[in-house]
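*Asks:* Next come the chains, spelled out residue by residue.
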Amino acid sequence: MSKFLIVGAGISGISAAEILARKGHYVEIIESTGAIGGKVNGYACKATDSCSRCGVCIANTSLAGAIRNSRIRTRTSATINKVINNHSLDVWIEQKNPQIDYSKCSFCDSCVNSCPVGCITKTTRGEFTQYIFDHEKCLLHKGKACSQCLENCPSGAVEINGAVSDMKISAAAALIAIGHENYDARNKVRLGYGRLENVFTGSDVEEILSHQDYLYRSGEDVAFIQCVGSRDPEAGRNFCSSVCCSYALRLARVLKYRNKDTKITIYYIDIQNFDKTFTAFRNELEGMGIDFVRGIPFSVERGRTGKLKVLVPDGGAVSSAEHDALVLSTGIAPARNSDRIADLFHLDSDESGFLSSPEKNIFVTGTCSKPLSILDSMTAAGEAVRFISGCGYGEAEIPEITPHETAFEVRDIPLRRDVLVIGAGPAGICTASALKLMGYPVTLIDKNNIKPEEDLAGVDFITGSELVSLDGSVGNFIADIKTPRGIMNFNFGVIVAATGTENNGNTVSKKGNIVSLDRLGEAVSARKRRREASAVAIVLDLEIDETRASTETALKTALEIQERERYQVFIFCKDMRVASPELERLYQSSRDSGVTIIKYSGRLSVEDDGSGVIIEFDDPYLNRRVVVQCIIAGISPGGIPQKADPALMKLLGITGDCYGQIQENNVHLFPAGTNRPGVFALGSCRGEHFGPQILLDAGAAARSIDELIAPGIIKVELSNVVVDQDKCILCLTCIRSCPSRAMIINSEKGCAQSIAEVCQKCGICVGECPAKAIVLPGYEDTKILESADDAGNY
Amino acid sequence: MPEITKTRKAVIFCCENSSLAVNAVKDTRLLEGFEQKVLPCSGKLEVGLILKCLEREHPFILVLACPLDNCKYLKGNMRARKRVDLANNICEEIGIGGGRVRMDYVSSLDAHKVERILKEVREQIQGGLI
Chain A
1 MSKFLIVGAG ISGISAAEIL ARKGHYVEII ESTGAIGGKV NGYACKATDS
51 CSRCGVCIAN TSLAGAIRNS RIRTRTSATI NKVINNHSLD VWIEQKNPQI
101 DYSKCSFCDS CVNSCPVGCI TKTTRGEFTQ YIFDHEKCLL HKGKACSQCL
151 ENCPSGAVEI NGAVSDMKIS AAAALIAIGH ENYDARNKVR LGYGRLENVF
201 TGSDVEEILS HQDYLYRSGE DVAFIQCVGS RDPEAGRNFC SSVCCSYALR
251 LARVLKYRNK DTKITIYYID IQNFDKTFTA FRNELEGMGI DFVRGIPFSV
301 ERGRTGKLKV LVPDGGAVSS AEHDALVLST GIAPARNSDR IADLFHLDSD
351 ESGFLSSPEK NIFVTGTCSK PLSILDSMTA AGEAVRFISG CGYGEAEIPE
401 ITPHETAFEV RDIPLRRDVL VIGAGPAGIC TASALKLMGY PVTLIDKNNI
451 KPEEDLAGVD FITGSELVSL DGSVGNFIAD IKTPRGIMNF NFGVIVAATG
501 TENNGNTVSK KGNIVSLDRL GEAVSARKRR REASAVAIVL DLEIDETRAS
551 TETALKTALE IQERERYQVF IFCKDMRVAS PELERLYQSS RDSGVTIIKY
601 SGRLSVEDDG SGVIIEFDDP YLNRRVVVQC IIAGISPGGI PQKADPALMK
651 LLGITGDCYG QIQENNVHLF PAGTNRPGVF ALGSCRGEHF GPQILLDAGA
701 AARSIDELIA PGIIKVELSN VVVDQDKCIL CLTCIRSCPS RAMIINSEKG
751 CAQSIAEVCQ KCGICVGECP AKAIVLPGYE DTKILESADD AGNY
Chain B
1 MPEITKTRKA VIFCCENSSL AVNAVKDTRL LEGFEQKVLP CSGKLEVGLI
51 LKCLEREHPF ILVLACPLDN CKYLKGNMRA RKRVDLANNI CEEIGIGGGR
101 VRMDYVSSLD AHKVERILKE VREQIQGGLI
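Protein sequences appear in the order of chains A and B. With the working numbering, the residue at position 121 of the first sequence is 121, and numbering never jumps. With the working numbering, the residue at position 87 of the second sequence is 87, and numbering never jumps.
Excised from the complex, chain A in its bound form (with noise of 0.2 Å):
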């Protein structure tokens, strides 16, 4: 058994937590304010009648069961004196009193209704409720021996010792995750956050939706202005935080849905592409009529209507416009006690005051190590957490499962240990390797004839072979493969796909000058060297938006090719997608080395002319037609979003999405699982084609194969739909309704059935049956129409 420390009651403080106490550790999460959960309290959802995939309700789920685990200890209002980290990690704290052990807790409201001055809120958001105290109201802060909240918990969970109390925490590592601080609009005095009325930062923005329809008033005219404290080399902010322009058009988004007469303007430098539904997003958004405005607004001031005057640069000369609201999205700055903590965990801090550890127990994860979105930073805690076991800290006691009351049986279904992993890409390796150094068989197999550069000893190895058929269900899955041996039978317990994508390919035909970007590098090599200098182009954003993955291949190839002699090199795009550090270091050294950057706005032509490529696009700063004549032109990769392997889908048994990759799960559950149980998906055949991003999945991934194979059995609770074997007509709808594919036919029964430990319980194939044969244990008809309070008058 080991204990661990985390800094920071966060999201990403929290998941970590929550990880490591499912695997058997015991944590103790210390947290400097009096609220759990950190920045998410303050986000809204910000759906409209579709869900855009903000990850705040999944975030709030989350919190509220790891708070609830009686592995984890939160420590509210507590603050870090001294560390000594020599042998073992010994952490000196100071809490403030009351704490709640919310292990034992009922939520009751008990000690809220006990309160005689009335300390205590209790706040709930979805699934997550706490009690924060205020400590400048609290009696035992005034001196007084007041412990009614302490003797009116009927659990037992409150805890007073003293207003203040010291303690030792010694751990094995500790995680720090402190999270960050918005970017003080203050700080630019001219954009007139708390200066003019009717500014508001995105935060206060998120924190005004989260209980209200509109800003100030509805019908109103809001302009968002992005990149405020985020690529700013004046302010010492080179880097994009990569979440604003995220919020900035899910809240723009978000307030012209709830009602239609909001004017609202988007003034931007670049948008980002955060999610791979963006094209679809983006072009959503302008269809609803939101105005997107290239040019960051230099100067707010209010002007003679009443209304917020904005000065924007445009093209040489100046426009301007009037707004009755201002949302300013600052990016993301370091947390407040960020250089308190980094000195006492000896925390090394780069030029924008992101941490990194030095030490081997400490551990850095979250927004205070970089720009994260939510599922991002949720994902990255997981990887941390991975690497923790991976230093030896990792022996934990095998977490007892307490058997929660039911009325149902519980059935222990063995599961079978070995993994197959479909696709040899770096997703596939990756979570092969990963899965191999925790000790599981690993077969891995690839369609093709490669290769692999790293070393995969231990992991069964098969090239030039297929999944033809699977059957059964997670923990047993039972697979024929082609190999060029014949067809083998394999037995698994869980498969990762990782196949990549198709490679559709653009509509704009790659011949003669114009070549596909992956290959511009050796055809400009190829062509026979001239005396002057030759203009080499680089087009991007020909028909959808760029990924970072994309962008990141363009500005290599760029900066490669200019640094050979006599070349120019031209990019051409709408965006330029750098949403991470390394991106906007590889943007700024390819300007540097002379790559230019044209964007355009509308339609762009290429053509071929036989000596050159003739480019012609609309300038929006020039505001004209811009002909450019170049020799060689290559054009991204195209045809973005590639669809996974159809058949392979069909095989595995799971759902593609609109663009006919395979659908990463709703976001309720984890990152790289599917809808059927047991079948993960990874890499580009799941839309994500970046690499740190696909590494960084790969390991949560492995993580989770690991958590879900580990134990060597699933606890079944066997509540399950139950078919009628008398009224079941074999009509095949609840397979083909069920989205886990959890039901079978029982040929000896003649009768539909489902798997235990498939079953979700969701009750879709109750509802779809036609013969209603399916019931829902606990949710019978009668049962839900029966009311305590039926005959209560209206």
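Hint data in this document are derived by calculation from the structure and do not stem from the laboratory. Any given hint could turn out to be false.
[What the hints assert, rightly or not] Partner residues aside, some chain B positions facing chain A, computed with beta carbon under 8 Å: (1) Val25; (2) Lys44; (3) Leu45; (4) Lys72; (5) Cys91; (6) Gly97; (7) Gly98; (8) Ser108.
[What the hints assert, rightly or not] Distance condition first, Cα-Cα at most 30 Å in a straight line; then the derived DSBU-like pairs of lysine-lysine: (9) Lys82(B) to Lys650(A); (10) Lys75(B) to Lys715(A); (11) Lys52(B) to Lys260(A); (12) Lys75(B) to Lys650(A); (13) Lys260(A) to Lys113(B); (14) Lys761(A) to Lys75(B); (15) Lys256(A) to Lys113(B); (16) Lys727(A) to Lys26(B); (17) Lys82(B) to Lys142(A); (18) Lys52(B) to Lys727(A); (19) Lys122(A) to Lys113(B); (20) Lys104(A) to Lys26(B); (21) Lys122(A) to Lys119(B); (22) Lys783(A) to Lys52(B); (23) Lys772(A) to Lys37(B); (24) Lys37(B) to Lys263(A); (25) Lys727(A) to Lys119(B); (26) Lys122(A) to Lys26(B); (27) Lys75(B) to Lys256(A); (28) Lys82(B) to Lys39(A); (29) Lys104(A) to Lys52(B).
For each residue, glycine too, the CB sits at the ideal point set by N, CA and C.
Since the structure of chain A is provided, determine the placement of chain B on it from the hints.
*Replies:* Chain B only, in chain A's frame:
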């Protein structure tokens, strides 16, 4: 079929996630006159169940489901939508008036949206539109 009266409560069918938003409604007076029936997923809702409730003289049925693309069971909310439309069509056809069943997409954090919906439904029922 008995005549629809206003003697019974309106029914809220909600999935496990949207029920959290209903539970988080601050002004509990808004929930008076409504009874909440929680289903695991809105996709479990059947047309028969809606009609049964109307037959039992519940004046109004409100169905709350997760936003599209956010259903834990992939497409449960889309299935519910179809059934609600079908139920309304049936009501229209049998002459008790469509528009007795309303469906909204609500996430677990959208308590303020639920409050607004409850106010609208209350006005609709009390204003004699039903």
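*Asks:* Regarding the hint that Ser108(B) lies at the interface with chain A, is the smallest CB-CB distance below 8 Å?
*Replies:* holds (4 Å)
*Asks:* Taken at face value, is the distance from the CA of Lys113(B) to the CA of Lys122(A) at most 30 Å?
*Replies:* holds (20 Å)
*Asks:* If you draw a straight line from the CA of Lys727(A) to the CA of Lys119(B), is it 30 Å or shorter?
*Replies:* violated (43 Å)
*Asks:* For the restraint on Gly98(B), tell me whether the closest CB of chain A is nearer than 8 Å.
*Replies:* Since chain A brings no Cβ nearer than about 20 Å to Gly98(B), farther than 8 Å, the hint is violated.
*Asks:* Between the alpha carbons of Lys82(B) and Lys142(A), is the straight-line distance 30 Å or under?
*Replies:* violated (60 Å)
*Asks:* Given Cys91(B) as an interface hint, is the shortest Cβ-Cβ distance to chain A below 8 Å?
*Replies:* violated (18 Å)
*Asks:* Tell me if the straight-line CA distance from Lys727(A) to Lys26(B) falls inside 30 Å.
*Replies:* violated (45 Å)
*Asks:* Within a Cα-Cα threshold of 30 Å, do Lys75(B) and Lys256(A) meet the stated pairing?
*Replies:* holds (25 Å)
*Asks:* Are the Cα positions of Lys761(A) and Lys75(B) separated by 30 Å at most?
*Replies:* holds (14 Å)
*Asks:* Does Lys26(B) lie within 30 Å of Lys104(A) when you go C-alpha to C-alpha?
*Replies:* holds (25 Å)
*Asks:* Was the hint right that Gly97(B) lines chain A, CB cutoff 8 Å?
*Replies:* Violated: closest Cβ of chain A sits about 17 Å from Gly97(B), beyond 8 Å.
*Asks:* Compare the distance between the alpha carbons of Lys52(B) and Lys260(A) with 30 Å, and conclude whether the hinted pair is satisfied.
*Replies:* The given pair, whose Cα atoms are some 37 Å apart, is violated under the 30 Å limit.
When held up to the earlier numbered hints, the structure conflicts with 1, 5, 6, 7, 11, 16, 17, 24, 25, 28, 29 and fits the remainder.
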